[in-house]
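These protein sequence lines are chains R and B, in that order. Just so you know, we're using the numbering used here here: the first sequence kicks off at -11 and counts up by one. Just so you know, we're using the numbering used here here: the second sequence kicks off at -11 and counts up by one.
Since the hints were derived computationally from the structure, they do not count as laboratory data.
One copy or two, either will do: identical chains are not told apart, so a pair holds if it fits within one copy or between any two.
Here are the computed lysine-lysine pairs in the BS3-like style, where the Cα-Cα straight-line distance is at most 30 Å: (1) K100 <-> K117; (2) K100 <-> K77; (3) K306 <-> K77; (4) K100 <-> K110; (5) K100 <-> K116; (6) K313 <-> K301; (7) K46 <-> K77; (8) K77 <-> K309; (9) K21 <-> K46; (10) K22 <-> K46; (11) K46 <-> K11; (12) K117 <-> K46; (13) K152 <-> K22; (14) K376 <-> K306; (15) K211 <-> K340; (16) K117 <-> K22.
Everything numeric in this text was worked out from a predicted model, so none of it was measured.
Number of protein chains: 2
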Amino acid sequence: MQGGLIVQKYGGSSVANIERIQKVAERIVNYKKKGFSLVVVVSAMADTTDELIEMADKINPEAPEREMDMLLSTGEQISVSLLAMAVHKLGVEAISFTGGQVGIITDGNYTKARIVKIQAEKIREELKKGRVVIVAGFQGITIAHDITTLGRGGSDLTAVALAKELAANECEIYTDVEGIYTTDPRIEPKAQKIKMITFDEMLEMASLGAQVMQPRSIEVAKKFNVPIHVRSSFSQNPGTMIVKEAVKMEGAVITGVTLNKNEAKITICDVPDRPGAAAHIFKELSEGGVNVDMIVQNVSHTRKTDLSFTIPKADVSKTIKITKKTAKEIGAGEVLQDEDIARIAVVGVGMKSHPGVAADMFETLAENKINIEMISTSDISISCIIKKKFVETAVKELHEKFKLAK
Amino acid sequence: MQGGLIVQKYGGSSVANIERIQKVAERIVNYKKKGFSLVVVVSAMADTTDELIEMADKINPEAPEREMDMLLSTGEQISVSLLAMAVHKLGVEAISFTGGQVGIITDGNYTKARIVKIQAEKIREELKKGRVVIVAGFQGITIAHDITTLGRGGSDLTAVALAKELAANECEIYTDVEGIYTTDPRIEPKAQKIKMITFDEMLEMASLGAQVMQPRSIEVAKKFNVPIHVRSSFSQNPGTMIVKEAVKMEGAVITGVTLNKNEAKITICDVPDRPGAAAHIFKELSEGGVNVDMIVQNVSHTRKTDLSFTIPKADVSKTIKITKKTAKEIGAGEVLQDEDIARIAVVGVGMKSHPGVAADMFETLAENKINIEMISTSDISISCIIKKKFVETAVKELHEKFKLAK
Chain R
-11 MQGGLIVQKY GGSSVANIER IQKVAERIVN YKKKGFSLVV VVSAMADTTD ELIEMADKIN
49 PEAPEREMDM LLSTGEQISV SLLAMAVHKL GVEAISFTGG QVGIITDGNY TKARIVKIQA
109 EKIREELKKG RVVIVAGFQG ITIAHDITTL GRGGSDLTAV ALAKELAANE CEIYTDVEGI
169 YTTDPRIEPK AQKIKMITFD EMLEMASLGA QVMQPRSIEV AKKFNVPIHV RSSFSQNPGT
229 MIVKEAVKME GAVITGVTLN KNEAKITICD VPDRPGAAAH IFKELSEGGV NVDMIVQNVS
289 HTRKTDLSFT IPKADVSKTI KITKKTAKEI GAGEVLQDED IARIAVVGVG MKSHPGVAAD
349 MFETLAENKI NIEMISTSDI SISCIIKKKF VETAVKELHE KFKLAK
Chain B
-11 MQGGLIVQKY GGSSVANIER IQKVAERIVN YKKKGFSLVV VVSAMADTTD ELIEMADKIN
49 PEAPEREMDM LLSTGEQISV SLLAMAVHKL GVEAISFTGG QVGIITDGNY TKARIVKIQA
109 EKIREELKKG RVVIVAGFQG ITIAHDITTL GRGGSDLTAV ALAKELAANE CEIYTDVEGI
169 YTTDPRIEPK AQKIKMITFD EMLEMASLGA QVMQPRSIEV AKKFNVPIHV RSSFSQNPGT
229 MIVKEAVKME GAVITGVTLN KNEAKITICD VPDRPGAAAH IFKELSEGGV NVDMIVQNVS
289 HTRKTDLSFT IPKADVSKTI KITKKTAKEI GAGEVLQDED IARIAVVGVG MKSHPGVAAD
349 MFETLAENKI NIEMISTSDI SISCIIKKKF VETAVKELHE KFKLAK
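Could you build the full structure based on these sequences and the hints that come with them?
In structure tokens, the structure reads:
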């Protein structure tokens, strides 16, 4: 395989209509002509999945998940067959497959299945014949031959898993932006495209609000050390490499500034300071399916303390209901909610060896009279909850402070 | 299985939109509540297949047939999963399957595959669990796991083949008309719904222009003696039973009058009257993919004769091209075409024992000053080619003559 094997993944916006499918076919053929072997993973054409979900919702809002997967998996089957036709039209042999046909075996957790193994003989055979292999992303099949889907970010996962299984030389994720940026360019026009970022940093950034890739596929890429190239299907520019260890410019302590306006803060007042109180609260929330994010509880000097945590905004009413009940049971006080907050974070492996980052961050916020409501840290990130109205200022100032605009 | 097993097939118009899918679900649930076991075969929602073909044509008018099948098979996968959701909504367990998942194994002739065998264990298992089994029509899978489609009338074929394999008590084909009529009700409002018709008669009627069912699935039904009930999904009325031997009303010699305006007549003048001339002509046409229907050649009293045959109108230009070349090679004369014709036929097993039918037919046409251009007969049908402008009169007069309006 002269030139080596590349796994490419094209998202829904990259194959949104016939013209874009033709553009993707041209890109594939160009790679092929340079001597590369290609496995191409494709999402459903933009809007297709939403249209299918809308129909299903009208028929049965509580449709069996098995049937949802049966329905949704058609979206990718349509885009892969159309793309194979487009590649053929350009004189290059291509063959399309469903997830099941190329042996992407999953467990039976419909709508969010996990890949158990990949039996990639079929792909290898077709690559040997010199064909471009086009695989439906986002889907697999159980050992009982039921169709499953992998949930959000599923097509990225298909690509990363195939790149690992086939020992590909590169895994390219094509999307509608040019790569990962130091922060959201819609807020800070000076945001720079990051050339190289580590899996760990990318994981933090994805969890903290950067929406280009889901944490799940990055975790798999990290686990199997599959380098990922995130780039745009609308340009020829190189994008961002996500790798195990990134070569950094000297002095670049911070890689990016993230923001997330989709969380709400819940505070339970006067929680009795005794063992098991917090456990009780978070067990109930977990059983209620609420994904709790940051948790902050101060050491109390009295026998009672306030407990704050953040959750996705969509879960507010459910959370309030559960929490009020639990608060009563444990003898705590009032439950407060605040949807007017934002989370801002700085991410970078460099901070491991630069203890001053937290201080710099807090100082920058203080200089701009931005009050910090909650703080949470990891090895390579520091997050603050602030009032939502300050988020643009905070992003710009931190971007400046950590010299991300160069 | 109290009540027995019924295979039902719903065509594209019966599942054209969400409301109709819900209606079909209600019908299924009613049967289920009466104690029947149900296997339901579904076509793609009306227009879906056409929309997919349109996209494919824009991308690659000569798309590989394997990819066409990959694409088109999504249509039925969408309708079966939506129907399963609709049945669930009504409180009855249902499970949908692709053709491949229920072991409909075909050969590799993409776009017109033939069913090789059916491995129906999966269906039997699900029926045992008391579930309604909903199967995507029109499609199968090769032993190499490539998706195939069965071509025109493919969903009917799926239903008939499953009814045979599962030894179903009945096979219902739901469509947008109430059954098979003595003739086209749009031309003769007195046309009557036929209560019972034999496989042979139905085969003749389908070949001669009745469009409710394709000959292919009737052939299979005849071969395995699977009785078919053709009826409407928009009413509760019984439709037409297609059976091995029909119980006829006394004196009903003719079952129906068919018409076909989609043929053209080609005449090759002055064909040399020597062995091999006709063979040469029709071999060339067959190799060119032209489906020749009626052929008439008179005994010649000179050394030359005229040869006429009919073909589908869509094939006229291709046929003229091939025929002109062949005519030259064999030393024949001019090639004439006439698209202004129609075929009219009377069909009925009764004519086997009533030799006067042909005479009655010719006399009726003559009385109405309708010239007969070609005649062709089978065991149970007599066809005449006449000028197209006479077709309505001919249908009405023959319908009257053979007392089909009762």
